[in-house]
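Undergrad: Working from the sequences, and respecting the hints, build out all of it.
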Amino acid sequence: MLEYIDQIEDRYKQGRDTGEKGDFYLEVKPFADKVKQDNDKWKAEAEKWIKDNSPKGLRIQQIQSAYDQMDTSSIQAFFPETSKSRFTNQVNSAKYVVQRLLVLIEEKES
5 MLEYIDQIED
15 RYKQGRDTGE
25 KGDFYLEVKP
35 FADKVKQDND
45 KWKAEAEKWI
55 KDNSPKGLRI
65 QQIQSAYDQM
75 DTSSIQAFFP
85 ETSKSRFTNQ
95 VNSAKYVVQR
105 LLVLIEEKES
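For the sequence shown, our numbering begins at 5 and goes up steadily by one.
Hints listed in this document are in silico derivations from the structure and should not be mistaken for laboratory results.
Please note that a few of the clues may not be correct.
[Unchecked claim] Computed list of lysine-lysine pairs in PhoX-like fashion (alpha-carbon distance at most 25 Å, straight line):
(1) K112 - K55
(2) K45 - K25
(3) K60 - K38
(4) K112 - K45
(5) K112 - K33
(6) K112 - K38
(7) K45 - K55
(8) K33 - K55
TA: See below:
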């Protein structure tokens with residue numbers, strides 16, 4: 005998911021720099037569909053891990069929020085008129101949750 009977040013950030017920056025929107029059928033939809041497919045798997049696995057391990061500092065609601073933010077930002081990244089502060093906040097929030105989950109999994113395994 006972190007790779008997708010990096011791609012989303014890069015695409016948004018590119019659009020802001022050039023002012024060009026992504027072509028919906030050639031770029032936006034294929035990318036958003038790919039993110040959604042992997043995001044669905046990530047959400048299910050993350051929720052299961054949280055239910056099974058009850059980690060401190062991360063709840064299922066945060067996974068749901070990160071899931072929604074990834075879905076939204078994977079589309080908004082292609083539209084330069086998207087609010088920069090809102091977009092940045094969404095992406096940073098999703099990134100934090102994904103990174104936090106990875107840290108908790110690593111701690112549990114070691």
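Undergrad: Taking the hints in turn, state whether each one holds.
TA: Outcome of the hint check:
no., hint, result
1, K112 - K55, "holds, 14 Å"
2, K45 - K25, "violated, 28 Å"
3, K60 - K38, "violated, 31 Å"
4, K112 - K45, "holds, 21 Å"
5, K112 - K33, "violated, 37 Å"
6, K112 - K38, "violated, 29 Å"
7, K45 - K55, "holds, 16 Å"
8, K33 - K55, "violated, 32 Å"
Of the numbered hints given earlier, the model fails hints 2, 3, 5, 6 and 8; all others are met.
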